[in-house]
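Participant: Below, each chain spelled out in residue letters.
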Amino acid sequence: MKVLLRNPRRELEMDGPMRVHVLIERLSMNRESVLVIKGDTLVTGDALLDDADEVEIRPVISGGGLF
Amino acid sequence: MIELRRHNAGFCADCFLHHCREQVRRAIDEHEMMRPGDRVLVAVSGGKDSLALWDILLELGYEVDGLYLGLGIGDYSNESGRMTRQFASERGLQLREIDLPADMGFDIPTGAQAARRVPCSACGLSKRHLFNAAAVEGDYDVVATGHNLDDEAAVLFGNVLRWATDYLGRQLPVLPAGNGFVRKVKPLVRLGEREMAAWCVLRGIDYIVEECPMAAGNKHLGYKEALNAIEDQSPGTKAAFYGGFLARASHLFTPEAEMEREDLRPCSSCGSPTVGDLCAFCKLVERASR
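Sequence order for the protein chains is A and B.
In our numbering, each residue carries its 1-based index in the first sequence increased by 1.
In our numbering, each residue carries its 1-based index in the second sequence increased by 819.
A portion of the hints provided could be inaccurate.
[Claimed, not checked] Examples of chain A residues toward chain B, derived with CB under 10 Å:
#1 Pro18
#2 Asn31
#3 Arg32
These aren't lab readings, by the way, just hints derived from the structure by calculation.
Note that the coordinates shown come from a computational prediction; the quantities given were computed from them, not determined experimentally.
Using N, Cα and C, we set each Cβ at its ideal position, and we do this for glycine too.
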């Protein structure tokens, strides 16, 4: 499967099938800090991804000049 | 569609959007943030929180204009400005703009350097000053900002670590009007930033995903990472931390903040409230233009 990562933007190839929560763990990410997007919708941690899937793992943490 | 572990629940898209609207409605009612007919100015950055806030407030029936502040941070500012304008124009909304380089003569990187502040400090100071000044000038009743539960929990965490009692006294979801300030409200305090990003994805809102290059490695992001590590092990911790502070501790610190507010007087240069002769923003402008 193709996995798009952000900040910085890059792509990875991973072998499926794999559950979303396993993918997040393998990438050493915190599930509280990301959304997983397939097409134009969100997928939950127990969703099964296969070799043909393309997903984006989007970070949701931002922080800057708080006011 | 999306699971929210702190609620021990999964939501389909429609139920999730309903949940977000209800959380904002509850925050507004619980803290008496706004009244029907108030003119609201939302501070928009092109990021997920402020665009989602603008969208939700409109859905709840409020009269809301936007104010975008161009910070002069290269491609990041160009892109965030483009996304904000696109959001407003697609919906026929009124967007006010202030451009720091064009209107004030400095950008955040050079202004921060000249004033010997870290960029996030110069940025926050500029936003506080200019959003309030624009709201006064535009005769708005309230300034709404996109601070969410994660922002507030992280700020609280930092303030408690240093026992910054003056800041703790001001860390409220509503700061009342008076002494030259327009009422300032944070309607997203019951929603986390993962929920705000999900709102934007499900509503088809294009926002700037890239992090501000000036914010990389700042303390605030470090606090968020630390809290998310705890949240991962114990869902609901952030909401309990911040909600508990509001319910059981914030009143202990407000007298100090209220006393500070009584000492405010108009800045000799711009008229904005300040404790000194010249306000911190005017000092920043003066140093940046040397």
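Participant: All hints, please: hold or fail.
Facilitator: Verification of the supplied hints:
A distance limit of 10 Å between C-beta atoms decides the matter here; for Pro18 (chain A) the minimum to chain B is near 20 Å, and the interface restraint is violated. Checking Asn31 (chain A) against chain B: minimum C-beta separation of about 5 Å stays under 10 Å; hint holds. Look at Arg32 (chain A): its Cβ gets to within about 7 Å of chain B, closer than 10 Å, so that hint holds up.
The structure shown violates just one earlier hint, number 1.
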